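**Q** Each chain, letter by letter, is given below.
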Amino acid sequence: MASHLSYGRVNLNILREAARKELREFLDKCAGSKAIVWDEYLTGPFGLIAQYSLLKEHEVEKMFTLKPGRLPVADVKNIIFFVRPRLELMDIIAENVVSEDRQRSPRDLHILFVPRRSLLCEQRLKERGVLASFINIDEYILDLIPYDGDLLSMESESAFRECYLENDQTSLYHTAKGLMTLQALYGTIPQIFGKGESARHVANMMLRMKREFAGSQNQILPVFDTLLLLDRNVDLLTPLATQLTYEGLIDEIYGITNGYVKLPPEKFSQKKQGEGGKDLPTEPKKLQLNSAEELYAEIRDKNFNAVGAVLSKKAKIISAAFEERHNAKTVGEIKQFVSQLPHMQAARSSLANHTSIAELIKDITTSEAFFDNLTVEQEFMTGVDTDKVNSYIEDCIAQKDPLIKILRLVCMQSVCNNGLKQKVLDHYKREILQTYGYEHILTLSNLEKTGLLKPQIGTRNNYPTIRKTLKLWMEDVNEQNPNDISYVYSGFAPLSVRLAQLLARPGWRSIEEVLKMLPGPHFEERQQLPSGLHKKRQQGENRTTLVFFLGGVTYAEIAALRFLSQMEEGGTEYVIATTKLINGTSWIKSLMDKLEAPPF
Amino acid sequence: FYVRASYREGKLEARLAALQSAVDEYNKAKNEFAAKATEEQMRLLRFQRRMQEEFDRPFMDYSLQETLHSLLMEGRIRPAEQLYKDFRIPDKRYWWLKISALAEKEDWEELEKF
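Protein chains in written order, with this note's numbering: chain P, 8 to 607; chain X, 98 to 211.
Because the hints were derived from the structure by calculation, they are not lab data.
All values reported here derive from a predicted model rather than from experimental measurement.
Please note that the accuracy of each hint is not assured.
[Said to hold, decoys possible] Just a few of them, taken from the derived set where beta-carbon distance is under 8 Å, the chain P residues facing chain X: (1) 48; (2) 49; (3) 440.
[Unchecked claim] Pair ranges (Cβ atoms, derived): (4) 140(X) / 399(P): 23 to 33 Å; (5) 573(P) / 140(X): 52 to 62 Å; (6) 140(X) / 395(P): 23 to 33 Å.
Don't be surprised by glycine CBs; every beta carbon is placed ideally from N, CA and C.
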């Protein structure tokens, strides 16, 4: 079921098992039948840890979503609330509990806070006079959720906003805690590198927590050699660009949440054609995407332009395999063929799915609008006319294209120009306010606070220097058989991944100058290992680095790191962790402020 | 902060007052751009109310662009032209808007006159 988690260099299934064990222990604490009331946001991440079947084994009979008003009727002994520690959710729970009392049914109430209990929330429950009704108040520490064989995410949507806009470091604390859990399972990580303000904070917290545990030495042979902490605001540019890997494009166009994607159903209805197409599915088709699917593992990180060739090659192989049956003469041969059938059929349906998805994406990537947008992005990234008002953006505003698209482009121009001239910036802002409404003034100011949008002050534009030194733009990319990470954006190499690459070889000392231009401090820490645990490295054995993106990571960046892992001369394998998987759209959205006026 | 508050006000007068406070705060903070934009917003709200009374259909809280669009769609060229001048809308955007509005209501004659 979760076999894809253990394929990788580091067996992440251990982490998942630990998380499941803790969940089981809590459920067993509440004896008897149970109903779970879910904070809706948590259901997705929990699905990655434990399926319904596991809950059922522990006498969970009903599940509800948390809603104001009365709880639905259920004949169970326990009611458990699974919630994030948010004040507004406490109010809903209080409302639930109060209306419950009136029914006078003797039920045991429990709360499970994910990932931490909070004094503030308990205080709120007390104020509402319901705190005493709860038998158990507990926390379920779910910081890092295993997402794939080499990918961990905290699935904390607002981490970037909290850290860089609201100066709230709660999520950094969770990060540090999560890394401590990881170290408890996989051994102390001897080397820590980092770049950025938040990275510094997390590292400090980790070192402090380690000192607090000074008595107990971790006796596990370390699995990770290095931890690299990267602030998202060190590389604001990458998520703004449109991702061009297969998985990245699926995310850009349809959005992937918790490893699932919802697709328009029309393309997937072939099977029902026999019925005269009378009931076309109207529900969007939901597909799970991870490396457990052989074909997907192969194509997910390829540049989209290389996907078609792989798919058609696969199609030929599969149909050839099916043809084999005519050659099967002896009973033994037939038996062998039949034993392969289920596997072949799975491969065929997976191929059909991905061909359909690829067709859907192709319709979009070949459209004129997509091409124009990409052209402008690439102009900005190569530094063409970034200091003037861009006429494509003006046209898009005039035609009232989606606001997020505009914001992505304007921010991108600002980042590539190290800020826009006051006049240019004001012009864009006026155009946006007049077209989309004055309420967006708050969103614009949020973008300015996070540095995505800024006026150019005095200093000259250092982006070209950064671009040249770090080789962020590569001419002649080979999309089919890439030889550099820049293939993931068809020419643009993600700055964040370049930093990781240079850290492995030749080391950051060589790019000291550029590092100084990027925001935040860079640092290196060492954690002492008990003697005897120093790894004796065998000749040719790869190092393992955990790269942690504070504030989110895109699928294209993940693809680039996987590409580096596979490079023979690279010598380093990467495991990726982040606060949230993002793309430019979801990222900008998390920074927007929505105001809705009451009607007059 | 005042901007947020202004969106909670149901009445126009209260909303304008809140926005005026926002303008004052922006001025104190030397955020010229925001102050000017907010003043513009107030002017638009007043204009929209006048339109609403005159033509007896909702205009409030449309963005400037939407206001113009609906004016043009109804063939009320004059108030639209006035808005265009008052708010110093760049020509390019105004022409885009006008063409798309005219095309949408299939007023080919007016489009011809362009």
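**Q** Decide, hint by hint, whether the structure agrees.
**A** So, going through the hints one by one against the coordinates:
no. : hint                        : result
1   : 48                          : violated, 24 Å
2   : 49                          : violated, 29 Å
3   : 440                         : holds, 6 Å
4   : 140(X) / 399(P): 23 to 33 Å : holds, 30 Å
5   : 573(P) / 140(X): 52 to 62 Å : holds, 60 Å
6   : 140(X) / 395(P): 23 to 33 Å : holds, 29 Å
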